[in-house]
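Listed in order, the protein sequences are those of chains D and E. Residue numbering for the first sequence follows my numbering, starting at 1 and increasing by one per position. Residue numbering for the second sequence follows my numbering, starting at 1 and increasing by one per position.
Some hints here could point you the wrong way.
[What the hints assert, rightly or not] With beta-carbon atoms standing in for the labels, derived distance ranges:
hint	chain 1	residue 1	chain 2	residue 2	range
1	E	212	D	7	45 to 53 angstroms
2	D	20	E	167	40 to 48 angstroms
3	E	102	D	25	56 to 64 angstroms
[Unchecked claim] Pairs of lysine to aspartate or glutamate, DMTMM-like flavour, derived with a Cα cap of 25 angstroms:
hint	chain 1	residue 1	chain 2	residue 2
4	D	172	D	309
5	D	405	E	227
6	D	227	E	425
In case anyone wonders, no lab produced these hints; they're calculated from the structure. For each residue, glycine too, the CB sits at the ideal point set by N, CA and C.
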Amino acid sequence: MIRDQEFLKDIASYCIENSKKLGATDVGVKVIHSVSENVSFRNKKLDESNRADSFAVNLTTYIEKKKSSINSSDLSKSNLEKLIERCIDATKITPSDENNSLPDKDLMSKEIRDLNLYDETHYPNDKKIEFLKKVEETASTDEKIVNTEAGFTENKNNFILANSNGFFGGYKTSNFSSSCVAVSRINGAMERDYEFGSTRFLEDMMEPEVIGKIAADKAIKKLGPKKIKSERIGVIFDKRISKGILSTLASAISASAIARGTSFLKDQINSEVFPNSINIIDDPKIEKGLGSQNFDSEGVETNSLKLVENGILKNYLIDTYYGKKLNLKSNGRSGGTTNLYFENGTLSFKDLLNSEKKFLYITETIGHGGNIITGDYSVGASGFMVEDGELTYPVSEITIAGNFKEMFKNITLANDLEMKYSTNAPTLLINQMTVAGK
Amino acid sequence: MSNFFKETDIDTSQAEAIVTETLKNCDDGELYLENHKSESIVLDDNKIKSSTYNSDQGYGFRAVTGEVVAYSHSNDISKESLRKSSENLKDTLKSKKGTYNHEIPKTNSKYYENINPIESKTFDSKIDLLNSVNNYLRSKGSIVNQVTANFLGEHKSIEIIRSDNQVLKDDRPLVRFNVSVVLEKDGKKETGVYGVGGRQSYDDYLKDGSWKDVCDEAFRIANVNLESKPAPAGEMKVVLGPGWPAILIHEAIGHGLEGDFNRKKTSAFHSLMGQQVASEGVTIVDDGTLHQRRGSLTIDDEGTPTENTVLIENGILKNYMQDRLNARLMGTKSTGSGRRESYKHVVLPRMRNTMMLSGKYSQDEMISSVDKGIFAVSFGGGQVDITSGKFVFNCTEAYEINNGKIGSPIKGATLIGDGPSILKEVSLVGNDMKLDPGIGTCGKAGQGVPVGVAQPSILINKMTVGGTKL
Numbered sequence: 001m002i003r004d005q006e007f008l009k010d011i012a013s014y015c016i017e018n019s020k021k022l023g024a025t026d027v028g029v030k031v032i033h034s035v036s037e038n039v040s041f042r043n044k045k046l047d048e049s050n051r052a053d054s055f056a057v058n059l060t061t062y063i064e065k066k067k068s069s070i071n072s073s074d075l076s077k078s079n080l081e082k083l084i085e086r087c088i089d090a091t092k093i094t095p096s097d098e099n100n101s102l103p104d105k106d107l108m109s110k111e112i113r114d115l116n117l118y119d120e121t122h123y124p125n126d127k128k129i130e131f132l133k134k135v136e137e138t139a140s141t142d143e144k145i146v147n148t149e150a151g152f153t154e155n156k157n158n159f160i161l162a163n164s165n166g167f168f169g170g171y172k173t174s175n176f177s178s179s180c181v182a183v184s185r186i187n188g189a190m191e192r193d194y195e196f197g198s199t200r201f202l203e204d205m206m207e208p209e210v211i212g213k214i215a216a217d218k219a220i221k222k223l224g225p226k227k228i229k230s231e232r233i234g235v236i237f238d239k240r241i242s243k244g245i246l247s248t249l250a251s252a253i254s255a256s257a258i259a260r261g262t263s264f265l266k267d268q269i270n271s272e273v274f275p276n277s278i279n280i281i282d283d284p285k286i287e288k289g290l291g292s293q294n295f296d297s298e299g300v301e302t303n304s305l306k307l308v309e310n311g312i313l314k315n316y317l318i319d320t321y322y323g324k325k326l327n328l329k330s331n332g333r334s335g336g337t338t339n340l341y342f343e344n345g346t347l348s349f350k351d352l353l354n355s356e357k358k359f360l361y362i363t364e365t366i367g368h369g370g371n372i373i374t375g376d377y378s379v380g381a382s383g384f385m386v387e388d389g390e391l392t393y394p395v396s397e398i399t400i401a402g403n404f405k406e407m408f409k410n411i412t413l414a415n416d417l418e419m420k421y422s423t424n425a426p427t428l429l430i431n432q433m434t435v436a437g438k
Numbered sequence: 001m002s003n004f005f006k007e008t009d010i011d012t013s014q015a016e017a018i019v020t021e022t023l024k025n026c027d028d029g030e031l032y033l034e035n036h037k038s039e040s041i042v043l044d045d046n047k048i049k050s051s052t053y054n055s056d057q058g059y060g061f062r063a064v065t066g067e068v069v070a071y072s073h074s075n076d077i078s079k080e081s082l083r084k085s086s087e088n089l090k091d092t093l094k095s096k097k098g099t100y101n102h103e104i105p106k107t108n109s110k111y112y113e114n115i116n117p118i119e120s121k122t123f124d125s126k127i128d129l130l131n132s133v134n135n136y137l138r139s140k141g142s143i144v145n146q147v148t149a150n151f152l153g154e155h156k157s158i159e160i161i162r163s164d165n166q167v168l169k170d171d172r173p174l175v176r177f178n179v180s181v182v183l184e185k186d187g188k189k190e191t192g193v194y195g196v197g198g199r200q201s202y203d204d205y206l207k208d209g210s211w212k213d214v215c216d217e218a219f220r221i222a223n224v225n226l227e228s229k230p231a232p233a234g235e236m237k238v239v240l241g242p243g244w245p246a247i248l249i250h251e252a253i254g255h256g257l258e259g260d261f262n263r264k265k266t267s268a269f270h271s272l273m274g275q276q277v278a279s280e281g282v283t284i285v286d287d288g289t290l291h292q293r294r295g296s297l298t299i300d301d302e303g304t305p306t307e308n309t310v311l312i313e314n315g316i317l318k319n320y321m322q323d324r325l326n327a328r329l330m331g332t333k334s335t336g337s338g339r340r341e342s343y344k345h346v347v348l349p350r351m352r353n354t355m356m357l358s359g360k361y362s363q364d365e366m367i368s369s370v371d372k373g374i375f376a377v378s379f380g381g382g383q384v385d386i387t388s389g390k391f392v393f394n395c396t397e398a399y400e401i402n403n404g405k406i407g408s409p410i411k412g413a414t415l416i417g418d419g420p421s422i423l424k425e426v427s428l429v430g431n432d433m434k435l436d437p438g439i440g441t442c443g444k445a446g447q448g449v450p451v452g453v454a455q456p457s458i459l460i461n462k463m464t465v466g467g468t469k470l
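Start from the sequences, fold in the hints, and give me the full structure.
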């Protein structure tokens, strides 16, 4: 079972007191316990069952403006004692940096709101097995499906974050996730696709039949892809991957990239970065949200932020260290974004597909071809051709390329936003990208 | 060598008894114990940005019968915790019955020394070197906008306890030293990254000022990229340089030849054993036995000694890479390719050092044979879709080739190809095989493991280059 707050607090206090005794002027510590149970199936048979029980301590000690850290999974006090000593020794000889410090006291989170992030329901392994049987049963109905895999994971976490300024905060979270991967085959050539659901509460999990059916349908639709000619064309990003645009934005507006001068959006604050119809929000206080949190990884209160308003970049993602470098206060984004999303567009999915005669509709990208410094973007892709509003045939072995600066300015959003992940975007169109194929 | 049961309420013989009792009706399995120490020291933006020391210890208890794997892991090495894991494994496999395979080959070979790189260089001297890197690169002029350098060092001790008290042990050092530089000229910014590493001490890679070579290489790449033009888009001839570009081999065919995907018939290669999958003259091996290389292992994470596995010989598909589970189910033997990121992870068949061996052509011959194409010298990462066989990798240094001559540098672009057919498009294999500098990490099913690659220069007849210029 998951350990309680008192147990974790005791270890956090031990670390703070001992570090101070050895000469630390400031201390930050996080203690985590997590228990995870996973069952996976393959072709309707049990494949793997996995149970994990993990502890972690992350400790940072400061001596004035010097700083060093240790991480360990062994919570025994004899081990911690040795590691604290090692951490203090390293701190003493690490050069100081005037920006090293704990967060300002007045920015710290004052109360912990129950955001409905913990479901204590335990879903026993036989229930998981029943669930997975249904997933695979539905996924393998069509004879073109030659292989199915399905998995169910249940996670329970508890943590405490503390520092030597008297901050102590923590709470339990849970996560249930289920996935199905289906492989389809025709004429010896295979394609793979998947469906995935992740929720804080068991009761919110998608029906197993839905997960199986979506994975199978998608894998079958991809069969017999063609490689198309290289051309400039409008590219529509399916909802599964359109959120990647927001992840790119998040990296480019992190205070570290801005302060280090390594972002293509440096000096773009208060300028138009997207079309003026676009608003982007990062809201940590959504009930049951997968990215929800009371405070960031330093204990700083997090509140909803409008990152982009009417196309204009309004905020960076700021932590304490890089905030000091930029002369800005932390806005509770140490550790990144929380629940990040585009506000819905105005066009329906159908209208978006019909807005031109011909589009390329991308359902999957592969590779890590985004460069945050220059904004250059080039990735492998697969998806479908869209002609007169209809998906006509599958496409693969192509690349799409452009530059984020230009791509951001040419975005049109559909109105089909769903809150399925921690970062969410509706279907979106980027007018005119270069597609390389034959 | 770690004593995992010191300071616990259980001793080795009691642990062995639990293992033997738990696995008595299973086909295979073991108790895997791991003690992992690592450090990371980062210089960034003229400052020591972070210094972190990690100490992690735990066990992963695995029972395997038929195709089913039951796994339980914990940080807590104690009688109660092991008992709980044992109950958990037995419960999962309660309806199965297997026969334990005791056979595991022995070895006296060792491919690296038992040193702890973290302790073999003082903290002060690491900080000094990082500062020297910063000063050295910044002395190259105001064009230098940002310098990042870091040390990553680790020491991992593992102990594998199999049924009936078979115990296998290994101690593994690993280091990496990286430099990244951002240059700015006329409002344009570009990055260059280079690094070195392997299973030795830091100083083996840095002595006699050789750290300056690492800096110079990162600086050179960034400088080349400052002059880069938009990359072309479409199908064309591609010449790959020797060494690190062999991640093409790793992505295009390496993953597709891992035993699990072929047993499950989800790899595009699963029906191609014994067939021609590459041009004549193409030979590819996966070798775990190279001394001190990043991907080398004395024994794999199931205790099997590693070997040099021939995957493709003169174009013909010869072997898959196997761990014990997939080998048993496919009626063959483990190739010593069973690996896991840590005690928190199940064993999977993985690559070690994947290499295409030298042929007879010179790089000049390749380039002069190309009318229009690109010459790719260095890459970032890659990725593959095992099932469709499509793979990509990103160029970080590449040039146009026009009429047999190397032209301007081009911007980073993704190259995409089809695994089962790409090696048939290899028309010339160079005589200049080179190992990568020791920086690769391969990801599979959420597990990262250190790997190496090697290849000579090669000419590929046709590949799609994902640039922006039509």
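Legend entry - Hinted pair residue 227 (chain D) and residue 425 (chain E), Cα distance within 25 angstroms: holds, 17 angstroms
Legend entry - Holds or violated: residue 172 (chain D) to residue 309 (chain D), with C-alpha atoms at most 25 angstroms apart: Cα-Cα ~33 angstroms, so violated.
Legend entry - Range hint 40 to 48 angstroms (beta carbons of residue 20 (chain D) and residue 167 (chain E)) holds or violated: holds, 43 angstroms
Inset, instruction - Could you grab the alpha-carbon distance between residue 405 (chain D) and residue 227 (chain E) and see if it respects the 25 angstroms cut-off? - result: holds, 20 angstroms
Inset, instruction - Using the beta carbons of residue 212 (chain E) and residue 7 (chain D), state whether their distance is inside 45 to 53 angstroms or not. - result: Holds: the Cβ-Cβ distance is about 51 angstroms, inside 45 to 53 angstroms.
Legend entry - Hint check for residue 25 (chain D) and residue 102 (chain E) - Cβ pair distance inside 56 to 64 angstroms: holds, 57 angstroms
Of the numbered hints given earlier, the model fails hint 4 alone.
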